[in-house]
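Number of protein chains: 2
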Amino acid sequence: MKYNFGAGPCILPQEVFKQAADAVIDFNGLSILEVSHRHKDFVAVMDEAIDLVKKALNVPAGYSVAFLQGGATLGFTISALNMMRDTKKAGYINTGTWASGAIKEAKKVGVDVQVFASSEDKNFNYIPKGFEIPTGVDYIHYTSNNTIYGTQFKDAPKTNLPLVCDMSSDIFSKEIQVSDFDLIYAGAQKNLGPAGATLYIVKDEVLGKSTSPFMPTYLDLKQQIDKESMLNTPPVFSVYVAMLNLRNLIANGGVKDMEQRNIAKANLLYQEIDANPLFKGAVATEDRSNMNVTFLLENESLNEQFDKMWKEAGIVGLPGHRSVGGYRASIYNALPLESVQVLVDVMKEFTKKNG
Amino acid sequence: MKYNFGAGPCILPQEVFKQAADAVIDFNGLSILEVSHRHKDFVAVMDEAIDLVKKALNVPAGYSVAFLQGGATLGFTISALNMMRDTKKAGYINTGTWASGAIKEAKKVGVDVQVFASSEDKNFNYIPKGFEIPTGVDYIHYTSNNTIYGTQFKDAPKTNLPLVCDMSSDIFSKEIQVSDFDLIYAGAQKNLGPAGATLYIVKDEVLGKSTSPFMPTYLDLKQQIDKESMLNTPPVFSVYVAMLNLRNLIANGGVKDMEQRNIAKANLLYQEIDANPLFKGAVATEDRSNMNVTFLLENESLNEQFDKMWKEAGIVGLPGHRSVGGYRASIYNALPLESVQVLVDVMKEFTKKNG
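So the sequence lines, in the order shown, correspond to chains A and B.
Mapping to numbering that gives the first Met the number 0: the first sequence position 109 is 108, numbers consecutive.
Mapping to numbering that gives the first Met the number 0: the second sequence position 101 is 100, numbers consecutive.
Careful: at least some of the hints might be erroneous.
Because identical chains cannot be distinguished in the list, a pair is counted as satisfied if it fits within a single copy or across any two copies.
List of simulated lysine-lysine pairs, DSBU-like, C-alpha gap at most 30 Å [to be verified]: (1) K310 / K103; (2) K310 / K226; (3) K202 / K106; (4) K103 / K39; (5) K106 / K88.
Simulated from the structure, these hints should not be mistaken for laboratory data.
As the structure is a prediction and not an experimental result, all values here were calculated from the model.
Only chain A is shown next, with the shape it has when bound in the complex:
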């Protein structure tokens, strides 16, 4: 038994793995890997996946859903290209590596980026607050959860401007108001499905309004939505597994119940981090992520001993991102509370030995 705290690609429900493996052998008489994306059986999969996204997030009328490829990195470009309007200016919040990537890619396609809030001064260990949102820009962009640093926005910034969000690492983990956003995008490989698909939820009224002189067809959300994610061959297997996972989510109480379980998992782990004298959280308490729990040993010379213990307990994926060090327990939707308990027990045991 392994307890997979990896940051993504990451754990999905065991039943989903089982169903996915079955379909690789037999999906209506063929392997899911050899089914034409134009076959009615796969068109039904794509339709169901899109419907389940809408159901899981209560996506209101006037929004469309698409599954593309390229991850959030291509999403940085796609969002900038599609949201660009007359001013060609946009306001970005910089909360870490991926937010910085979004800023860099927006600039590359000609957006005049105004970074109006940033936590770079403290190596992104908090979420900026009290910032003034610029006016006279085409849109506002932020990253809801910062996988690497372990910070998370508790609420969407309040603005009347079109709001764009990279939700790669917390979509489907908690309830959101889709109507707050003009565009949401998310790499699938956290709470949605395997790597290789990227989800877009877009307000219909923004489609086709880009002022970018440069718009390859693949990057044009209007054309992708018009073609129902079938502009070209979609990532068939990734979409299929995402559909299985969404079915599983909804069968288990949907995002609402999932959010409660995620809070319980996060509380269990953060309480131990705060109570245990050998450990400390890596980020501002009020900005802690319920998806990626980052923490450190007070005495880093003990790292090796701790590493030995959690590895022996069957835990994998606990080292922090190579750019920040320390530890990161990614406790995505599919990670059971029992796995968090295993980690907490290891921490307690470690402290008993070294405290």
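Given the structure of chain A, go ahead and fit chain B onto it with the hints provided.
Only chain B this time, still in chain A's reference frame:
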């Protein structure tokens, strides 16, 4: 038993399906779907997949291989962006839907496209010949095999200019001289692996020489190659299955032996089409594809009867592309000769009844 003549995503070897399904359950103790792309076990997969591509195609020194996303459609854009030089002009051969797509996308990113050869006058039922390749352009682009129409270049056009080829539907089906090309790209979902990965083979000396004012990081082959296909999360499962499939290819004699089997399959089917009075080939004889065999009934009022017969025989994926009609038997690498024999037997039986 089904005989899958689908045009892609399409059949792969049955052993590959079995191994892929196993890995969805257990890849070194985790599901392949939950393994971090940064884990040494997956880095080893990516390295092996790249090495096997090089081995299978005898890729010479001075070339690099990458697995990206977005299919050939994004490849149209990526190839134009990366090959653009001082003239911003390029010569394209138009042999059908995908070649037309490449032309359209090159224009969208500012390439002055000269279509110097085309078979559009006869609805793309032949490969243009005797054309004069333009001089004073940055590169030449063509599509080696035309999946929809069923035509195929037997040899690469001779030119001293940088040559770019979309080989989506015939790569790994026959021996090629990689040194003829500056850039090869191919959607995986024919002879390489499942949908969701796109292969690039690029001459190192072309990297970083683009004159495009627009170059998102994801679309920059230099940065993708520098990051060894790990600029962001790659399509883990698609790359893994491609690696399995390449192992299988090489264990079965490599591309050289595969080419002989593909010729035998194509000959068997084309001989029946030519010998059988009720059928006719859809394209010029000398330009017939060894991957996608397109044919028609002389008397289309018999289509329904023929459709009934092949369906009863367990054949799937035989209808022609919706834009051309008729029939298309895609006889990719993994389709066994026995499946072609089943189709030929149905054709013979059909003719016995209706001849």
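Here is what the structure says about each hint:
{"no.": "1", "hint": "K310 / K103", "in the structure": "neither (37 Å within a copy, 53 Å between copies)"}
{"no.": "2", "hint": "K310 / K226", "in the structure": "between (47 Å within a copy, 29 Å between copies)"}
{"no.": "3", "hint": "K202 / K106", "in the structure": "both (23 Å within a copy, 28 Å between copies)"}
{"no.": "4", "hint": "K103 / K39", "in the structure": "between (40 Å within a copy, 29 Å between copies)"}
{"no.": "5", "hint": "K106 / K88", "in the structure": "both (10 Å within a copy, 26 Å between copies)"}
Against the hints set out earlier in the document, a violation occurs for number 1 only.
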